[in-house]
Amino acid sequence: MSGDHASLPVAARVRRLEERLIEAGLTSDAELDSAVASFLDNASPTNGARVVARAWTDDGFRARLLDDANSALHELGLSMGGGLQEQRLKVVENTPTAHNVIVCTLCSCYPLALLGPSPSWYKYEAYRSGVVRDPRGVLAEFGLHLDEDVTITVWDSSAETRYMVLPRRPDGTGGRGEAELAELVTREGLIGTAAV
11 MSGDHASLPV
21 AARVRRLEER
31 LIEAGLTSDA
41 ELDSAVASFL
51 DNASPTNGAR
61 VVARAWTDDG
71 FRARLLDDAN
81 SALHELGLSM
91 GGGLQEQRLK
101 VVENTPTAHN
111 VIVCTLCSCY
121 PLALLGPSPS
131 WYKYEAYRSG
141 VVRDPRGVLA
151 EFGLHLDEDV
161 TITVWDSSAE
171 TRYMVLPRRP
181 DGTGGRGEAE
191 LAELVTREGL
201 IGTAAV
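Count along the sequence shown starting at 1, add 10, and that's the number in my numbering.
What the hints contain is simulated information worked out from the structure, not anything from laboratory work. There could be a bad hint or two in this list.
What the hints assert, rightly or not - Each pair of labels, with its calculated beta carbon distance range:
{"no.": "1", "residue 1": "Leu116", "residue 2": "Glu96", "range": "13 to 23 Å"}
{"no.": "2", "residue 1": "Ala22", "residue 2": "Ser139", "range": "39 to 49 Å"}
{"no.": "3", "residue 1": "Ala21", "residue 2": "Thr115", "range": "12 to 22 Å"}
{"no.": "4", "residue 1": "Ser130", "residue 2": "Asn52", "range": "33 to 43 Å"}
{"no.": "5", "residue 1": "Gly153", "residue 2": "Thr37", "range": "17 to 27 Å"}
It should be emphasised that the depicted structure is a prediction, and the values quoted were computed from it without experimental measurement. Positions of the beta carbon are idealized from the N, C-alpha and C atoms, including for glycine.
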């Protein structure tokens, strides 16, 4: 299956719904385009970085984020909206003995609101199949070499559920505030293909 969602049955249903809403006078093409543009303007990896920095500095928030990520996002004024319904977000935490990486094996489902537009390689078949088959090898291709005793878990995103990695906080950052910590977080770290 390709990343071309325009040919999927759900795309046809969305088009019909849009047409009905416009015909009923509830919205217009311009309003729909504006809503999409606004969502995309606010979709950025800085959102995910803010979430991670808060989790690194606030143990209560970290626990809530791991338990119910969508509710924790609302505390920061963020959401996984942008569609007809809010997508479920599951945040998975890297530890000294466990590393997580996300993929969408069917297409390119991705937490756009928190990570911004996906990197081109995220959609490539080589990444999508390779990270499932040989996660350690694919991560090494990204320059991330993990010890053999580190367990790697690959999380497969879907239309209903998106994943984001909570990277390990770098050593020596104990005195830094949230803004400084957020600057350390990369999109690749939130996907799990890089350490922070």
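To see whether the hints hold, each was checked on the structure:
1. Leu116 to Glu96: 13 to 23 Å: Hint holds: Cβ distance 21 Å, inside 13 to 23 Å.
2. Ala22 to Ser139: 39 to 49 Å: Between Ala22 and Ser139, where Cβ atoms are some 28 Å apart, the hint is violated.
3. Ala21 to Thr115: 12 to 22 Å: At 20 Å between Cβs, range holds.
4. Ser130 to Asn52: 33 to 43 Å: Roughly 22 Å apart at Cβ, these two residues miss the hinted range, so it is violated.
5. Gly153 to Thr37: 17 to 27 Å: Given about 46 Å between the Cβ atoms, the range is violated.
Checked against the numbered hints given earlier, this structure breaks hints 2, 4, 5; the rest are met.
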